[in-house]
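> If you want the building blocks of each chain, they are given just below.
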Amino acid sequence: MNPLFMSILLIVGLAIFGRTMYQKTLLLMALEPTDRANHIMDRIKNVVIIALGQKRLVGRKKEWAAGIMHAFIFWGFCILLIRSLNLYGEGFVKGFQLPLFGDGSILGYLYIALKDIMEGIVLLMAGYAIFRRAVLKPERMHNTWEAYFVLGMIGVLMISDLLLDGARYNLIVLHNNPEHLHFFNNPQYGSEFLWTPVSVGAASLISGFSAEANGLILTTMFWLHIITQLTFLNFLPLGKHFHVITALPNVFLKSLGYPHEKTRLLDLEDESVWEDESLGINHIHQLNWKQGLDLYTCTECGRCKEVCPCFATDKPLNLHDFNDTLKAELFENADNIIKRAKLAASIKEDGDPEEIEKIKEEMAGLNSQKQLIGDVIEEDTLWACTTCRACEKVCPVTIEHVPRIMAMRQGQTLMAGVYPQELNTALKGLERNGNPWGIGYDKRAEWADGLDVKMMADDQDVDYLLWVGCAGSFDDRSKKVSVSLVKILQKANISFAILGKEEKCTGDFARRVGNEMMYQMMAQENIETMNNYKVKKIIAACPHCLNTLKHEYPQMGGNYEVIHHTDFIDQLIKSGKITLSRSLEGSLTYHDPCYLGRYNSIYDQPRSILEAISKDGLKELDRHGQESFCCGAGGGRMWMEETIGKRINVERSEEIATQKAATVAVACPFCLTMIEDGMKELDKDEDIKTQDIAELVANNMA
Amino acid sequence: MKILTTAKKVVDVELTIHVENGAIVEDGLQYVINAWDENAVEASVQLKENNGAETTLVSIGGEDNTDMIRKCYAMGIDNGIHIDDPALDKADSFVFAKVLQKVYEKGDYDLVITGKQAQDTDSGQTGIILAEVLGVPCVSNVIDIEVVDDSHIKVSRLGDAGTEIVEVELPAVVTVSDSINEPRLPAMRGIMMAKKKKIQVMDLAALGTSPDEVGGAAPKSEIAEFMASKSRQAGQKFEGDAAEITARVVDLLANEAKVL
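Sequence lines, in order, name chains C and F.
Position one of the first sequence corresponds to residue 0 (numbering that gives the first Met the number 0), numbered consecutively onward.
Position one of the second sequence corresponds to residue 0 (numbering that gives the first Met the number 0), numbered consecutively onward.
Hints are supplied without guarantee of correctness; some may be wrong.
[What the hints assert, rightly or not] Straight-line C-alpha distance at most 20 Å; calculated EDC-like pairs for lysine to aspartate or glutamate:
hint, chain 1, residue 1, chain 2, residue 2
1, C, K341, C, E354
2, F, K229, C, D275
3, F, K194, C, D621
4, F, K195, C, E619
5, F, K47, F, D202
6, F, K229, F, D77
7, C, K500, F, D11
8, F, K196, F, D77
9, C, K60, C, E619
10, C, K341, C, E361
11, F, K196, C, D269
12, C, K60, C, E138
13, C, K347, C, D269
14, C, K442, C, E361
15, C, K442, F, D177
16, C, K427, F, D177
17, C, K61, C, E524
18, C, K500, F, D26
19, F, K195, C, E274
20, C, K500, F, E25
21, F, K197, C, E268
22, C, K679, C, E626
23, C, K479, C, E524
24, F, K89, F, E25
25, C, K442, F, E25
26, C, K442, F, D11
27, C, K688, C, E640
28, F, K229, C, E31
29, F, K195, C, E138
30, C, K500, F, E13
31, C, K23, C, E331
32, C, K427, F, E19
33, C, K442, C, D475
34, F, K194, C, E331
35, F, K197, C, E274
36, C, K369, C, E421
37, F, K195, C, D266
Everything labelled a hint here was simulated from the structure, so no lab data went into it.
These numbers come from a predicted model, not from an experiment.
I would like the entire structure built from these sequences, with the hints used as guidance.
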């Protein structure tokens, strides 16, 4: 078309884009390290399924229309990349064709057909997106000018390209191809325009214009398309549409093996970390680069807050704002963070101590002027999270919100010493007696009196350790679950023992409120005890214990095969070791515990058990499975007051009550307490019984 | 202002205490800071934070008191004195008070804060005897301390029928109730930083005294025997016809319990 103009556009457009990206990359590189350069095949698989396959958009039944809309726009853009390259070529060389995609191969014809149809679909989808924003207005969305601007640009990109081809069609077919425009005409595959119905449709809109007018439209549309595309490219990194660039890498780099980045095992014995106050996240520069990339990638779609139990009950935690605020703080401090990282890199281990001290002082001077917790993020916001992971499970670009929140809590608890003081009782109980209730550790096995349960201390030659947990040992209601579980294991002739008073809290809640020291204390003692007894297999009666024993203890040398009691009971049923009678009357529903479902992917086993005992079958709650709604007790919230907004357990209990269930099955002692309390609050506890699956099984064994 | 606070380790009262042959079975027991002393530590740290003060903690006992003193450092205490002398193994409140008197005299303190009693013995004497031997005013069961000026404090003490507000001239001894505050958990960073902090460990000789002088050689009181308290027996539940139950209960009360 015009090589000079094309060159100028490309140089300016790409130079500005390159500069922006360089700065953004530099900032990421200045953040804390984290290792994501492993398991490449798994990572590619994630990209194919989650990113390219748009799994969390198309696969989410609740919002299938929006999912499909986004997926088609995304797929359309992927396909149109090739077309764009071709157009840039045409800017320099008349009739330019990409190798393989030219008129000599069927691929070229197939491609233009696909591109043509996709442009039509993307245009429709952009139209639907605008309609959805302007008219349907889904609650989770933030309607900003930016969104309309981008949708508008998408529209312009599609229309300009369709009109470009339309004008070309008119010139060739109606006006005898005055400029000798290139077009595919291969006797073997047919004429180009047979493959492009949408462009031909666009052509008919301007067929009334003269040859000159069509020629003008062609040129104008070409440059409009190129300029819009370069503007679009440069606009992306400036706002939420950065995800167009960062989403694929973000999915590629997501945590593997565990649903999100595992809490790092902090070296608490290292004196320098206490002196430098470098544990946890108390400053924006303490984010790691993947957490930074998460912030870049947030599309502000609001799905996270929509499913968040805190947002649903009017707590101050609004994950959309949370991410947005952190991103703003990150960008605001970008220059200082980069300078800081350079200074940190200049410290040599064997350097002059005075010099090092000077550099450290200089680094401290570059800290953000705002307190991360207090000024940027409110304390109540940070402590509201129940760590339920609903947000992470629904995030289309796999942002990991919870580890960041936990690291911030670490910063607060370990370094600043600022945390909800009502946790003190539970933490003190943990320190002294190994349980958050603070009940004497010597009473831990009293629930098992008279049940003929072996103690590991007396007989370690057993197949399984039954990990009872603090609730199952000390909470009167949960003790009944422990008794039921023992009844089942004994009926199935399982060889097992408990640790009795040697068992301590796994430390789950301590870790989740940022008290790494207390967690490590608990974990170390438990691991020593279990390794001493050569424990290999554990049946855990609490999903929180399960999660910690299974995924966190290996960091400290505790490697066990851990199974949740519902999973184990399901195996007992399937192997015929226990038989159930289908004798449970009345409608039955199931509340998925977060740490069983979203953390450990155990969704089917509890359901299979419940199906087997219920006469009327299992009726699912509206929010179930991956999108189950938290009971409100995770992440240490069990031990904090819930004074803001509606109580989460009441919200969940109301949902269960509207289901008109006679029984709600749970599989976690915290859920049991929370849901039962919720029912009491609603005055429904007589009509709706909250029971652990172990109790239901014990009562319905043949 | 210089504040001296006392802390003692007591058996964790959450545990069931077993007694055999008149002695406590030590196996399985654990010792923790006396809850009221924890309130005393918190009170002195709060005075330090609000009014400025130098806080010193003194603890009498064996080697395992070290971790308690470090935790008090982590709560905000400035100096720690650990009196460790086998001659004090059988000490009673009077002996403790005499030892504390020596500590006090070495330090020129303005205010002594102690817990109003210890969870294990519940005698509640040490602070009061200390005031007596020092010849300074003493207010017990205190729920609030307010600094008036350099030489006066105003304290609230919880009485049976209400709160008594007393202005005291310093130096003085106050013994605090658990309603005075909610003790903080030692700060994690404080615990780690406190590892390096020195504790002044002294026996009686280093303190400039002797077992004879403080009475440790022959305490005024001696524990003769421990007895376990009887645990409550489970009740009985009656269900069924009201008239039948009444008759059955009356029968049991008359013939089994023999209270009618």
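> Please list, smallest to largest, the hint numbers that this structure does not respect.
Of the numbered hints given earlier, those the structure breaks are 2, 3, 4, 5, 6, 14, 15, 17, 22, 23, 27, 28, 29, 32, 34 and 36, listed in rising order.
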